[in-house]
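The primary structure of each chain is shown beneath.
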Amino acid sequence: MNQPGKLSRSGLGSLVLIAAVLAGGAAAFAYTAGWLSPGRLTPERMIEALTPPSGAPLGHRRNHAKGICFTGVFEANGTGVELSRAKVFAQGRYPAVGRFNLGTADPNAVDATVRVRGMGLLISMADGEEWRTAMISPPIFPVSTPQAFHDLLHVSGSKDPEAMKAFARANPEFAAFAAWAKSAPWTASYAEESYNSLDSFFFTDANGGDHAVRWSLLPSAQPIPISQADLEERGPDFLEQEIGERVRVAGPQTWTMVITVADPGDPTADPSKAWPKGRRTVEVGTLVVRRIEPERDGSCRDINFDPTVLPPGIRVSDDPFPAARSSVYRKSYDLRAAEAKDYPRTEAAKP
Amino acid sequence: MSNAPHRFALLQRLLHWLMAACIFAMLFIGVGMVSTVMPKYLPLILIHKTLGVALLALVSIRVALRLYYGAPPLPADLPMVVKLGAKLSHQMLYALMVVMPLLGLGMLWAAAYPVVLYGGLQIPALLPQSDGLHTLLWNAHVYLGFAFFALALLHLAAGLFHALIRRDGVFETIAPLPLRDKTTSAQ
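As they're listed, the protein sequences go chains A and B.
Its first residue numbered 1, the first sequence is counted upward by one per residue in my numbering.
Its first residue numbered 1, the second sequence is counted upward by one per residue in my numbering.
FYI, nobody ran anything at the bench for these hints, they're computed from the structure.
Heads up, some of the hints might be wrong.
[Stated by the list, open to error] 30 angstroms max Cα-Cα, derived BS3-like pairs, lysine-lysine: (1) A/K182 / A/K165; (2) A/K273 / A/K341; (3) B/K40 / A/K331; (4) A/K277 / A/K182; (5) A/K182 / A/K159; (6) A/K331 / A/K159; (7) A/K87 / B/K40; (8) A/K273 / B/K87; (9) A/K182 / A/K87.
Just chain B, with the same shape it has in the complex:
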């Protein structure tokens, strides 16, 4: 037996589920707001900007916790290819969580829009107006947004696969509630 934890720390699990809900909301709000001219466009874009900055703050806490606590090991009988896929997809998810809000802020700055969040909080611009930079950041925000959604769905499917089919204790490492069936992961 190693000293590796059997599951993520409580704070890690809470952050995971909180951010999961917010990220799915962000992705849906994002594609919804740019496809409407209705009055809801304005509140949606305000929520998108505010939640985006909040998620940037949360992901920095999350990365720090991940570096401090680490992660429980994957089951020994998981094929190497699957382990590699899991590792890569998690790294990509972390990268997207960090990069998406930065791209969003950057593209607004490069378009000379004031970035005003809910409650009137204004984020000062760190980039000058630039047509080329705006186009680059905007395209990256859009296409990485689609990639983020695809990856998040894949992640959800993999989680369900572990929870319902493999029943190998992987889902329980991140489950928000204590283990239902302790024998599952103890075996």
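Extracted from the complex, chain A is given alone in its bound form:
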């Protein structure tokens, strides 16, 4: 045994080795955590890009911050089983919780200032299985990659008029979305909107066959166009008042769930590219919205509509967005859960 207290030459070498192992381990950890890579697109940086100049919407989702809850049921007609073995497509009724929302980081935004509307939806199946999806009203996504979405958020907040032009040049796919935003009619109701997954997923049928799909919820209510100015006149929170009133007076509102099946070669990795017209579509059921609840105490408040929470029979494709959304939504949930006191529930609803 070595004499304690005396260090030989080889002992010194060993000490250096131990120090190197420690330093190397710590450096590798720091690198993995992204602390040495300020350019890495982290969920924190995405949320920073979403945050409006007025500050973060404490207690609220970091995007699609304005919204209202609903509960209802998804009535599957059984035709979906040819595409996916997910239990939700077997003929039957499945409880649904959801959220109508506006694509803004400001929970107090004026309805008529927000172009993109959305629906978060959670359908529950037996054995605790869940299908969560968050869909939006445009027929295509503005950009092809999460990095481009981050860049879009930055130029949208920029005061430099050249910034947006430069962005559009660098991301030519943005033109199609810009054209939609400019020309698509506005409506005065969440009930008159279509909601589209845009992202592509794979359905797996009972025989193990894979089908690349996108899905949409098409409204039964007839869309009635309204000018942006007329919508603004109806008030800053008209959409929430209207959907509450509509369900109360006219009864449940319904949407048909339509699955669009890709042909071989259709792009699945890019939600900014629509699939050509004429693709096979399958109507798999009806979403029935029965009850509207204010978000503050509503059943959707505590749900992260993470689009990667999928039942067996549905899985993500090579589309990069669901993973990015999952990562950022998780961070958004962690933040707003920690800030719950900034968006207090009403006394009556406290557990």
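Could you slot chain B onto chain A? The hints should help.
Just chain B, lined up with the frame of chain A:
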């Protein structure tokens, strides 16, 4: 001479090295996955959850073995302070091995996420959704994770110190292979 074993039982040594590799992997995957929005986020988080539950099962076996077999004594000439430090750090490592997976599961339950492991195995929720509980468990999981990494590095350094500098037979008690130099610990 006492009857105390000169080294840990074979099963203990195997579990130690298997879990050591998995725990370092877990710590790296953990900090890596929360700092990315790339598609690898999804497989990483799936591995993290699956391996975490597996480690929870392994640590319960390990604690049982430790209670049954005990541990070889530390060298008599080791200073008392160092012995105390060794004892405390090992207790903390055991505590973290047990607590980290529980905190991970708890924070997912408190956020109302279904916990689905590799192969589709679903762990039923044992906690209701709660903002406050989620925040508490999430913070504990993160900060104890950093503490775990620091302690694991310290443990590695101490092991190397025993193996390369003190050469007092302590490293050999947990070495996966039979002793190279039997005279070292027999003296």
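Each hint, compared with the structure:
| no. | hint | result |
| --- | --- | --- |
| 1 | A/K182 / A/K165 | holds (16 angstroms) |
| 2 | A/K273 / A/K341 | violated (41 angstroms) |
| 3 | B/K40 / A/K331 | holds (16 angstroms) |
| 4 | A/K277 / A/K182 | holds (22 angstroms) |
| 5 | A/K182 / A/K159 | holds (20 angstroms) |
| 6 | A/K331 / A/K159 | holds (28 angstroms) |
| 7 | A/K87 / B/K40 | holds (27 angstroms) |
| 8 | A/K273 / B/K87 | violated (61 angstroms) |
| 9 | A/K182 / A/K87 | violated (40 angstroms) |
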